[in-house]
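Undergrad: Here the protein sequences line up with chains W and X, keeping their order.
Okay, so the first sequence: first residue is 1 according to the UniProt record's numbering, each after it adds one.
Okay, so the second sequence: first residue is 1 according to the UniProt record's numbering, each after it adds one.
Be aware that a few hints might be false.
Remember, identical chains collapse to one label, so a pair may be satisfied in a single copy or spanning two.
[Said to hold, decoys possible] Derived pair list, reagent style SDA-like, types lysine to any residue, alpha-carbon separation capped at 25 Å:
{"id": "1", "residue 1": "K115", "residue 2": "V99"}
{"id": "2", "residue 1": "K238", "residue 2": "A69"}
{"id": "3", "residue 1": "K83", "residue 2": "W243"}
{"id": "4", "residue 1": "K238", "residue 2": "L120"}
{"id": "5", "residue 1": "K238", "residue 2": "D51"}
{"id": "6", "residue 1": "K83", "residue 2": "A242"}
{"id": "7", "residue 1": "K246", "residue 2": "M228"}
{"id": "8", "residue 1": "K18", "residue 2": "T49"}
In case anyone wonders, no lab produced these hints; they're calculated from the structure.
2 protein chains.
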Amino acid sequence: MRIGLIGTGNVATILGRKITAAGHEVVQVYGRSAIHAQQLAAELQAAYTTDMDHLDPHADLYIIAVADAAIASVAASLPLQDKLVVHTAGSVSKEVLKVASTRYGIFYPLQSLRKEMEQLPDIPLLIDANTPDDLALLRDLALSLSTQVGVASDEQRLKLHVAAVMVSNFTNHLYTLAERYCQAEGADFSLLHPLIVQVAERLQYMSPQDAQTGPAIRYDTPTIEKHMALLEQHGEMKELYAWFTKSIQKQAASGEL
Amino acid sequence: MRIGLIGTGNVATILGRKITAAGHEVVQVYGRSAIHAQQLAAELQAAYTTDMDHLDPHADLYIIAVADAAIASVAASLPLQDKLVVHTAGSVSKEVLKVASTRYGIFYPLQSLRKEMEQLPDIPLLIDANTPDDLALLRDLALSLSTQVGVASDEQRLKLHVAAVMVSNFTNHLYTLAERYCQAEGADFSLLHPLIVQVAERLQYMSPQDAQTGPAIRYDTPTIEKHMALLEQHGEMKELYAWFTKSIQKQAASGEL
Numbered sequence: 001m002r003i004g005l006i007g008t009g010n011v012a013t014i015l016g017r018k019i020t021a022a023g024h025e026v027v028q029v030y031g032r033s034a035i036h037a038q039q040l041a042a043e044l045q046a047a048y049t050t051d052m053d054h055l056d057p058h059a060d061l062y063i064i065a066v067a068d069a070a071i072a073s074v075a076a077s078l079p080l081q082d083k084l085v086v087h088t089a090g091s092v093s094k095e096v097l098k099v100a101s102t103r104y105g106i107f108y109p110l111q112s113l114r115k116e117m118e119q120l121p122d123i124p125l126l127i128d129a130n131t132p133d134d135l136a137l138l139r140d141l142a143l144s145l146s147t148q149v150g151v152a153s154d155e156q157r158l159k160l161h162v163a164a165v166m167v168s169n170f171t172n173h174l175y176t177l178a179e180r181y182c183q184a185e186g187a188d189f190s191l192l193h194p195l196i197v198q199v200a201e202r203l204q205y206m207s208p209q210d211a212q213t214g215p216a217i218r219y220d221t222p223t224i225e226k227h228m229a230l231l232e233q234h235g236e237m238k239e240l241y242a243w244f245t246k247s248i249q250k251q252a253a254s255g256e257l
Numbered sequence: 001m002r003i004g005l006i007g008t009g010n011v012a013t014i015l016g017r018k019i020t021a022a023g024h025e026v027v028q029v030y031g032r033s034a035i036h037a038q039q040l041a042a043e044l045q046a047a048y049t050t051d052m053d054h055l056d057p058h059a060d061l062y063i064i065a066v067a068d069a070a071i072a073s074v075a076a077s078l079p080l081q082d083k084l085v086v087h088t089a090g091s092v093s094k095e096v097l098k099v100a101s102t103r104y105g106i107f108y109p110l111q112s113l114r115k116e117m118e119q120l121p122d123i124p125l126l127i128d129a130n131t132p133d134d135l136a137l138l139r140d141l142a143l144s145l146s147t148q149v150g151v152a153s154d155e156q157r158l159k160l161h162v163a164a165v166m167v168s169n170f171t172n173h174l175y176t177l178a179e180r181y182c183q184a185e186g187a188d189f190s191l192l193h194p195l196i197v198q199v200a201e202r203l204q205y206m207s208p209q210d211a212q213t214g215p216a217i218r219y220d221t222p223t224i225e226k227h228m229a230l231l232e233q234h235g236e237m238k239e240l241y242a243w244f245t246k247s248i249q250k251q252a253a254s255g256e257l
C-alpha cells in the first residue's frame, strides 16, 4: 500500500517504521515542523511537506497520527474527498474524520510507543471503518504488521484505552516512584528489574489474581506496619501503600470488587 | 554445599530447585505438613522430617524459608549451636536467628516466587552474615545461583523490600483490577499483554520517568475526562485514575516528588 503519514511524533514514527519494514511504501510525511518532517521522511525514504495544500493526492490511505486534541482540526483541513483516512487514537471517535472524506476509520496501536525504542515491539492493532470494504482493507494492512488484530467500535476502543492507561502509564509511574525512593534511600533500583519483568511475563500463563504475592495478600500485619513506618517521609508512597494494601485484601476477601 | 531446607512454600520450593540445579545437595526438607515435606523432598531427592528434633545435624547450612511471622519461633526451636543458619525474609532482622546459632545471616531472594512457575527466573540475591567468613561462604553460594548478588544490611533490605512490594505486588494488583474491568465490560484483557511486557522490559535501557506516556503526562484533559466518566461504575478504578493522573502531572511539573 501507498500511505500518506500525517504526524511526526512517537506513534507516527513507530507505525511508519513498521509499515516500511512490512514492505509498504510511505509516500509522504506531513509535519508542522520542517525539521521533524524531513527527519522522519528521510528515515522512511519518503517525501515530506509542511503544507496541507501540498498533500500528495495519490496515496491509498492517509494515517493521522497527531495529538488527540488536534485530530479534528487536522481532519477539517484535509482535502481528501473519497480517499480512505484513519486516525490512531484510542479515545477519539472515528466520526471526527467525516469532514475529511466519505471513507474513514481507525488504526489504533495498543502499545506505549517511543521513538527511542531500539526494537519494534509487538503491537496489537484495533481497527474500524465506516464500510465493510474499507474494514477488509485495513484488516489486510494490520495483519501485515501484527499478529494481534481486532475490530473495535469507538466505545470498545475507549474501554481498552482506559485499561491500557492503568496497566502501562500507572504501572510505569509506580516504577518511577520506586526508583525515586531507591535513589533517596541509597538502594539500587536495578536489582528490581528481574522482578518487574517476571511479574509482567507470567501473565502469559497465570491470571494476575492467582499470581498475587506479598505482605498484603498474606495479611502480614507486622511487615505492613514496618513498611508504613519506613514511608513516613514519603507521603505519596505511604498513601499508595495503604490504598493498595486495603484493595488487595478486599479483593482477596470477596473474590470480587 | 549440603543444605537443610526448613519450609515447603513458594520460596523454599524455588530456592530448593535453584540449589539442586546448581549442583548443591539438599540433604533434608523440614515441614509441618508431612505431605508437603515429602513432596518437596521427593522432587529435590532429599530426606524429609516433620519433627525438629530429627533435623539432620550434618548440613553446612540451614535455610529457614517460612512465613515471616514464624521465623522467630522456628529459630527458637532449632538446636544448631554453631551451624550456619539463614532466613529468606526481606523485612525481618537477621538478629532473630541469634537464639538458634552463633553463626547466622540472610539469603533474601528479591523476586516474586510461585511454585507453579514453569521456568526458574533470574533471582537477585541479597545476603548478610554476622561474620566476614560466613558472608564469604554465602556469597559463593549466591554466585553459584545468580548473577546479581549484593550485601544488604537489615535496613537496606527492608527498603528494597518496600520498593519490591510497590513494583510487583501493587503492579500486579493494577493488572488484576484492569482484568476485572475488561471482563465486566466485555473487552479482551489479553490484548494488553504485549503492552505490559514492553513497559517492564524497556526499563533495561530507559528510566521510567523518561519513558512515561499517556493522557496524564500530555495534560490531555478531554481524554482524561472521557476516561473518568467511563469509570463512574468502577469506584476503585476511578479513585486510582484520579490519584495517578495527579501524581504523574505533579512529577512532570516539579521534576521531583
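Undergrad: Any hints this thing doesn't respect? Which numbers, in order?
TA: 1, 3, 4, 5 and 6
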